[in-house]
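Required output: the full structure, derived from the provided sequences and hints.
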Amino acid sequence: MTWFVSLVMFWVGVSFGFVLGAWWVAAHTREREMDERCCRDGPSDREEQPLP
1 MTWFVSLVMF WVGVSFGFVL GAWWVAAHTR EREMDERCCR DGPSDREEQP LP
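Quick note: the sequence shown uses the UniProt record's numbering, first residue 1, plus one each step.
By construction, these hints were calculated from the structure, which means they are not laboratory data. Ideal placement from N, C-alpha and C gives every residue a C-beta, glycine not left out. Just so you know, not all the hints are guaranteed correct.
Here are the computed distance ranges between Cβ atoms for each label pair [said to hold, decoys possible]: (1) F4 to R32: 37 to 45 Å; (2) S6 to A26: 41 to 49 Å; (3) R32 to M1: 40 to 48 Å; (4) D35 to W3: 46 to 54 Å; (5) T2 to M34: 41 to 49 Å.
What follows is the structure, given as structure tokens:
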């Protein structure tokens with residue numbers, strides 16, 4: 001009985017960690033894509049304007 005409970009807890013932890021990791025990766029890739037899109041569409045003063 002004890003090994004069954006420990007096995008269930010182990011798989012619950014593994015699945016929770018996998019879901020948490022996938023959510024973290026998805027959130028960070030979404031933020032990176034939003035930043036790249038904003039920087040690409042927005043005016044980039046540092047790159048386009050020549051230095052005085």
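Give me the numbers of the hints this structure contradicts, sorted from smallest to largest.
Violated: hint 2 alone.
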